[in-house]
Amino acid sequence: MNIKPVRTEQDYEEALRAVSPLFDNEPEPGSPEGDFFEIMCLLIEEYEKKHYPIDPPEPVEAIKFRMDQMGLTVRDLEPAIGQSNRVYEVLNGKRNLTLPMIRRLHNQFGIPLKSLVGGC
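Under our numbering, the first residue of the sequence shown is numbered 103, with each subsequent residue one higher.
Among the hints, erroneous ones may be present.
As the list claims (entries may be wrong) - Simulated crosslink set (EDC-like; lysine to aspartate or glutamate; CA at most 20 Å straight-line):
hint: 1; residue 1: Lys152; residue 2: Glu111
hint: 2; residue 1: Lys106; residue 2: Glu160
hint: 3; residue 1: Lys106; residue 2: Glu116
hint: 4; residue 1: Lys106; residue 2: Glu135
hint: 5; residue 1: Lys216; residue 2: Glu163
hint: 6; residue 1: Lys106; residue 2: Glu150
hint: 7; residue 1: Lys106; residue 2: Asp157
hint: 8; residue 1: Lys166; residue 2: Glu148
hint: 9; residue 1: Lys152; residue 2: Asp113
hint: 10; residue 1: Lys216; residue 2: Glu135
hint: 11; residue 1: Lys151; residue 2: Glu111
hint: 12; residue 1: Lys106; residue 2: Glu140
hint: 13; residue 1: Lys166; residue 2: Glu147
hint: 14; residue 1: Lys151; residue 2: Glu180
hint: 15; residue 1: Lys152; residue 2: Glu116
hint: 16; residue 1: Lys196; residue 2: Glu147
hint: 17; residue 1: Lys166; residue 2: Asp178
hint: 18; residue 1: Lys106; residue 2: Asp137
hint: 19; residue 1: Lys151; residue 2: Glu135
hint: 20; residue 1: Lys196; residue 2: Glu160
hint: 21; residue 1: Lys216; residue 2: Asp170
hint: 22; residue 1: Lys166; residue 2: Glu140
Derived from the structure by calculation, the hints contain no laboratory data.
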């Protein structure tokens, strides 16, 4: 078990190959194999953050994603956004989110603020 920094694309591919079999049968945390797995995953994650960044979703997409995750309806969003016609306007991109809407969506549904502020 050789651990080294992931600096190049080749290092990245080697690291992925090294941990790939461990995803199907994750080693026990704290064991030598578990420590190797955890450290390699952290190294891979840091490389991916730097070389393959993922932008947060647009606010409307974040709301729709959370609706899908939680099985929410337009009616469920009314306390955070306003009457159903206002919810539809937001979901269709015809109305921007206001700061109070953003706060309520975050507090009531746990939508990350970074996702809700992205398009503002």
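Each hint tested on the structure:
{"no.": "1", "hint": "Lys152 x Glu111", "in the structure": "holds, 12 Å"}
{"no.": "2", "hint": "Lys106 x Glu160", "in the structure": "violated, 36 Å"}
{"no.": "3", "hint": "Lys106 x Glu116", "in the structure": "holds, 11 Å"}
{"no.": "4", "hint": "Lys106 x Glu135", "in the structure": "holds, 15 Å"}
{"no.": "5", "hint": "Lys216 x Glu163", "in the structure": "holds, 13 Å"}
{"no.": "6", "hint": "Lys106 x Glu150", "in the structure": "holds, 16 Å"}
{"no.": "7", "hint": "Lys106 x Asp157", "in the structure": "violated, 28 Å"}
{"no.": "8", "hint": "Lys166 x Glu148", "in the structure": "violated, 29 Å"}
{"no.": "9", "hint": "Lys152 x Asp113", "in the structure": "holds, 14 Å"}
{"no.": "10", "hint": "Lys216 x Glu135", "in the structure": "violated, 35 Å"}
{"no.": "11", "hint": "Lys151 x Glu111", "in the structure": "holds, 13 Å"}
{"no.": "12", "hint": "Lys106 x Glu140", "in the structure": "holds, 13 Å"}
{"no.": "13", "hint": "Lys166 x Glu147", "in the structure": "violated, 27 Å"}
{"no.": "14", "hint": "Lys151 x Glu180", "in the structure": "violated, 36 Å"}
{"no.": "15", "hint": "Lys152 x Glu116", "in the structure": "holds, 17 Å"}
{"no.": "16", "hint": "Lys196 x Glu147", "in the structure": "violated, 37 Å"}
{"no.": "17", "hint": "Lys166 x Asp178", "in the structure": "holds, 12 Å"}
{"no.": "18", "hint": "Lys106 x Asp137", "in the structure": "holds, 14 Å"}
{"no.": "19", "hint": "Lys151 x Glu135", "in the structure": "violated, 24 Å"}
{"no.": "20", "hint": "Lys196 x Glu160", "in the structure": "holds, 14 Å"}
{"no.": "21", "hint": "Lys216 x Asp170", "in the structure": "holds, 19 Å"}
{"no.": "22", "hint": "Lys166 x Glu140", "in the structure": "violated, 33 Å"}
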